[in-house]
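Novice: These protein sequences, in sequence, are chains A and B. Just so you know, we're using numbering that gives the first Met the number 0 here: the first sequence kicks off at 0 and counts up by one. Just so you know, we're using numbering that gives the first Met the number 0 here: the second sequence kicks off at 0 and counts up by one.
Don't take each hint at face value.
No distinction is drawn between identical chains; accordingly, a pair holds when it is met within one copy or between any pair of copies.
[As the list claims (entries may be wrong)] Below 27 Å or equal to it, Euclidean Cα-Cα: the simulated DSS-like pairs (lysine-lysine) are:
hint, residue 1, residue 2
1, Lys208, Lys330
2, Lys128, Lys189
3, Lys315, Lys208
4, Lys109, Lys128
5, Lys16, Lys301
6, Lys16, Lys164
7, Lys315, Lys164
8, Lys27, Lys301
9, Lys128, Lys27
10, Lys386, Lys24
Treat the hints as calculated values from the structure; they're not laboratory data.
There are 2 protein chains.
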Amino acid sequence: MALIVQKFGGTSVGDVKRIHYVADKISKTYAEGHQLVIVVSAMSGETDRLFSLAQQFSQTPDPREIDVLLSTGEQVSIALLSLALIERGCPAKSYTGAQVHIRTDDVHNKARILSIDGQKIRHDLSQGKVIVVAGFQGMDSFGNITTLGRGGSDTTAVALAAALKADECQIYTDVEGVYTADPRIVPEAKRMTRITFEEMLELSSLGAKVMQIRAVEIAGKYNVPIRVLSTFQEGSGTLIAAEEEDLSKSSVSGMAINRDEAKLVIQNIPEAISGISQILGCISNAHVEVDMILRSFHEDGKTDLAFTVHRRDFQKTLSLLNQVVTEIGAKKIFSNDKVAKLSLVGMGIRSEPRVTGKMLEILAKEQINILLMSTSEIKVSVIIDEKDLERGARAVHQAFELGSEVPTELMQGI
Amino acid sequence: MALIVQKFGGTSVGDVKRIHYVADKISKTYAEGHQLVIVVSAMSGETDRLFSLAQQFSQTPDPREIDVLLSTGEQVSIALLSLALIERGCPAKSYTGAQVHIRTDDVHNKARILSIDGQKIRHDLSQGKVIVVAGFQGMDSFGNITTLGRGGSDTTAVALAAALKADECQIYTDVEGVYTADPRIVPEAKRMTRITFEEMLELSSLGAKVMQIRAVEIAGKYNVPIRVLSTFQEGSGTLIAAEEEDLSKSSVSGMAINRDEAKLVIQNIPEAISGISQILGCISNAHVEVDMILRSFHEDGKTDLAFTVHRRDFQKTLSLLNQVVTEIGAKKIFSNDKVAKLSLVGMGIRSEPRVTGKMLEILAKEQINILLMSTSEIKVSVIIDEKDLERGARAVHQAFELGSEVPTELMQGI
């Protein structure tokens with residue numbers, strides 16, 4: 000008998016028929032003798048419906064009241080799923096975030112979970128109940144309703160699993176697990192059976208949209224094994240867990256792709272230190288996040304600065320730079336908002352510096368120009384022209400044999 | 000500056016346009032310098048929509064989960080109204096029933112309010128906030144969400160007014176106040192400017208659907224003046240308050256009509272005491288409520304028993320009686336489910352026994368047969384054939400001059 004937290008997203012409880020389906024699935028697992036805590040999102044479309052209602056009263060709606068409004072979406076889901084479970088003889092009991100004391104900070108619309116009091120749930124579980132908790136929501140220290148922001152139900156599930164010391168946190172979604180690459184771009188992409196917290200964190204940060212980053216962080220911190228599964232397909236999904244001592248493991252686990260990038264280059268900055276700090280200062284004051292950044296030197300002592308931002312911030316950043324560039328006396332700005340980021344992630348990268356070299360070789364062979372590059376312990380990212388993205392992604396995916404069941408000797412060798 | 004609790008029902012916040020209208024109205028009162036606590040119901044139709052969703056999962060849905068589900072209706076209303084108020088520069092803050100500690104018993108779907116902690120609201124009011132509270136809902140001592148049953152928002156408003164010692168509790172509705180009779184039946188019916196708690200209680204019990212009985216009870220107990228007003232028409236409505244020393248006051252204030260009645264008569268019960276107790280016992284065991292009841296004696300020592308029940312319980316009661324009648328050896332049952340109740344209510348009735356006589360006279364003149372009759376301190380009710388109801392109601396209404404602005408000398412005289 001295991002204690003399992005299961006999270007079902009908005010599409011999994013998207014309509015009456017699907018809620019019936021999910022209730023059948025949960026009842027079956029309950030009949031096998033497991034203790035179950037279920038976390039659900041709002042029925043798909045419901046959050047958007049509520050938000051557009053709010054916009055009929057205000058274009059900049061008050062964040063506190065938005066949380067009061069949006070949190071009803073999950074409350075409807077927990078009640079309906081509980082009714083469906085009770086009808087199947089499964090003794091369900093629903094709770095809002097506030098009712099199980101999911102305490103958050105007071106940043107409305109994107110609150111962070113601070114603590115969870117698992118006492119009530121543990122007591123109910125000991126009585127044989129199935130607990131159904133509203134995802135995405137909590138309560139600040141003044142008793143105000145807060146929401147965690149979109150995708151926050153993952154975080155609720157993982158935080159509950161950590162608080163209850165659950166054996167596994169299962170994230171049910173509309174894909175069959177975590178893939179070596181986005182299957183829409185790389186058709187050969189295959190489901191990974193296992194991946195480490197660190198790898199998943201990098202993949203999430205790099206733009207893979209399977210799991211919310213905060214959820215993976217909490218899972219890693221409290222060592223909660225996560226399994227990403229399909230609601231509507233059978234299968235064992237992808238296990239996200241701590242690193243195993245497995246020497247036969249491939250050095251590269253997966254690939255992430257991100258099209259939301261825009262690149263900016265400022266040429267010939269005369270006074271490098273003050274110039275760069277002025278540039279980055281004005282961008283950060285405007286709440287624009289800089290992703291990759293590269294500084295290059297000229298023989299005459301002048302400096303170039305290249306960096307990327309989210310594509311939605313491109314125009315804003317460009318007009319900020321136009322001012323600063325004149326102030327600091329730099330030569331000019333090159334900009335390109337049609338770039339993309341291609342990344343390889345794997346625990347083996349830190350012990351295998353050749354991964355980076357091999358990636359560059361493959362892209363060179365494909366005559367793909369690398370505009371920027373950055374590496375970390377377990378990640379290599381390159382910025383390339385967006386038009387080269389799919390070709391590059393497929394070539395790299397194939398060369399690293401991410402689509403094959405067993406890593407080749409070559410892969411093990413490097 | 001007064002502290003006013005205002006309640007807006009489902010039709011008052013029925014759509015986006017009406018919420019804008021109500022927000023304008025509240026902002027205006029706020030601008031006059033009053034302290035305001037607003038209680039709102041779910042947008043009209045929303046409770047039905049949620050309930051029919053529930054029925055797609057269970058024909059006998061779990062009462063606890065129904066409360067979790069239905070309470071979202073008011074939560075959406077408080078958020079939207081608060082957004083509308085904030086947009087108008089009116090510093091609104093919304094609270095669910097649980098958030099302001101509206102403690103109820105644990106009878107889901109028809110819970111009774113036990114206590115309210117006004118501290119949070121008083122603090123917010125002192126900061127100049129307008130408080131918007133979800134009606135119809137509360138929380139039991141275990142933190143479970145409860146609902147008060149249909150119409151419960153009236154009770155929330157009056158209970159809040161009592162807890163906060165508000166100067167007035169204003170119930171905004173789709174009629175302009177409390178009428179001397181149902182205007183759909185008696186076109187001459189007019190709005191009363193003032194009525195006592197006791198009179199309103201009788202009118203509500205007798206079938207006038209303006210206010211929930213429990214709300215009037217609380218108002219009377221804590222002496223909270225209630226004003227029933229129209230949301231969409233200007234006017235001073237009807238004040239429901241304690242009795243005034245006013246000798247010029249009419250002895251009869253209003254008339255109530257109730258069509259949901261059915262009459263049953265059991266003839267020739269041989270052993271009166273044991274027979275009647277067996278009849279009433281079996282009816283009460285079946286949770287059927289007996290309304291009016293009359294026992295009559297024959298010269299031979301046998302007894303007849305006549306009583307009325309709610310029309311929906313008629314068939315059930317009839318089949319129960321068929322059994323009992325044989326057991327106790329009574330002669331037979333007469334039944335009639337096409338009867339109605341006509342009642343006069345007024346504080347003056349207790350000091351004016353002639354009201355009853357006059358009512359009987361008027362009905363006799365109209366050749367309307369009285370099937371059953373009952374009187375209390377401030378009420379006279381008769382059961383008549385439903386076909387005679389409208390004619391009887393108009394005749395009585397006119398004879399007691401309920402439609403006239405000032406009571407006539409005759410009325411003052413009796």
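Novice: List, from low to high, the hint numbers that the structure doesn't satisfy.
Specialist: Numbers 1, 2, 5, 6, 7, 8 and 10 - these are the hints that the structure violates, sorted from lowest upward.
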